[in-house]
Amino acid sequence: MIAKQAKGADFYGVLKYNQGKVEKGYGVVLETNLTSEKVVMQTKEFNVVRQLRPNLSKAVYHTSLSLPYSDSLSDKEFTDLGRDYLKDMGFDDNQYIIYKHTDQDHSHIHIVANRVKYSGDVVSDSQDYKRSEALVRKLEVKYNLTVLKENKESNVLSKGEIEKCLRTGEAPERLELQRIINEIIKHNQSIFEFEKKLKEKKVSIKLNASIEGKISGISFEYKGNTYKGSQVNRNLSWSKLKTKLYEQNRIDPIILQNTGKIRENQQEARRVRKTSESNSFNYSQQPKTDLGENRGAEKVNKPRIRRRR
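If you count by our numbering, then the sequence shown holds residues 799 to 1107, one letter each, in order.
One or more of the hints may lead you astray.
Said to hold, decoys possible - Subject to a maximum C-alpha distance of 27 Å in a straight line, what follows is the list of computed DSSO-like cross-link-like pairs (lysine-lysine): (1) K1026 x K999; (2) K874 x K915; (3) K842 x K915; (4) K805 x K822; (5) K1038 x K1004; (6) K1021 x K1040.
Since the hints were derived computationally from the structure, they do not count as laboratory data.
Whenever a hint applies, use it, and build me the whole structure from the sequences.
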């Protein structure tokens, strides 16, 4: 299981982000001890308790807990896991909401909590990364999950992405892109249909090829940013994506010819060839030049001196 933590100053932003998932059908609220359902009112509830520690700049606690692709939990199990995580991280008397998101291939939950307890005490963030890692290993055993050695997962929200959504309340572009691709890839289709449907969603693709002409990678451009397929989701790398389209040996020549993708390695090969041909020029075919015949070819105009008689 992968845990990503972030702390922020604005409850509204992170609540808007998570509630947006719920309203779009990509998430559900598993459990909360708040009385309100609207983002604005939930924000007010959080801020009432927050005022017990007015000098605390970052009262927002946001974490995501993501399971490996091979694992799954029921909603009840996920709720229990979320409770256990909160309690062992020190949130035993705090406001919280546990969300389950369904917009990615792997199961995951998001937890939003107030670092200020009802008593006015503050949950310590000292060594929170190490404490979280140790707790995750413990929960993996308790819930019969795959035990991961390291917290490395390219398509899980990074700390920077979580902090950005805390500030803006907007979903990270990488997750928006992943959702778009996942919706389109559900249907069997050719690479051309795939590319066409992506363009309709303002997503463009770039195919990378080896010197032999085999497609070796795919990148997606969205909102001015370019992501490798594996950065969006490890199941969207070309090696895995091509199996959902057509066999590579059938589509490589067609794609490279019909889509107008100019491969950088082909350009480099042509440049090297041109340079090689230029360097092997046959000088014996050049007309000979007699240096003697050219002597004095360039005349120097000297001033004329008139002599007196």
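Q) Are K874 and K915 close enough, with their CA atoms no more than 27 Å apart? A) Given pair K874, K915 holds - Cα atoms ~25 Å apart, limit 27 Å.
Q. Regarding the pair K1026 and K999, is the alpha-carbon distance no greater than 27 Å?
A. 18 Å, holds
Q. Taking 27 Å as the top limit, are the C-alpha atoms of K1038 and K1004 close enough?
A. Distance ~16 Å between K1038 and K1004 Cα, so the pair holds.
Q | 27 Å limit on alpha-carbon distance, applied to hinted pair K805 and K822 | A | 25 Å, holds
Q | K1021 paired with K1040 [C-alpha distance capped at 27 Å] | A | 24 Å, holds
Q. Regarding the pair K842 and K915, is the alpha-carbon distance no greater than 27 Å?
A. Holds: K842 and K915 sit about 15 Å apart, inside 27 Å.
Of the numbered hints listed earlier, not one is contradicted by the structure.
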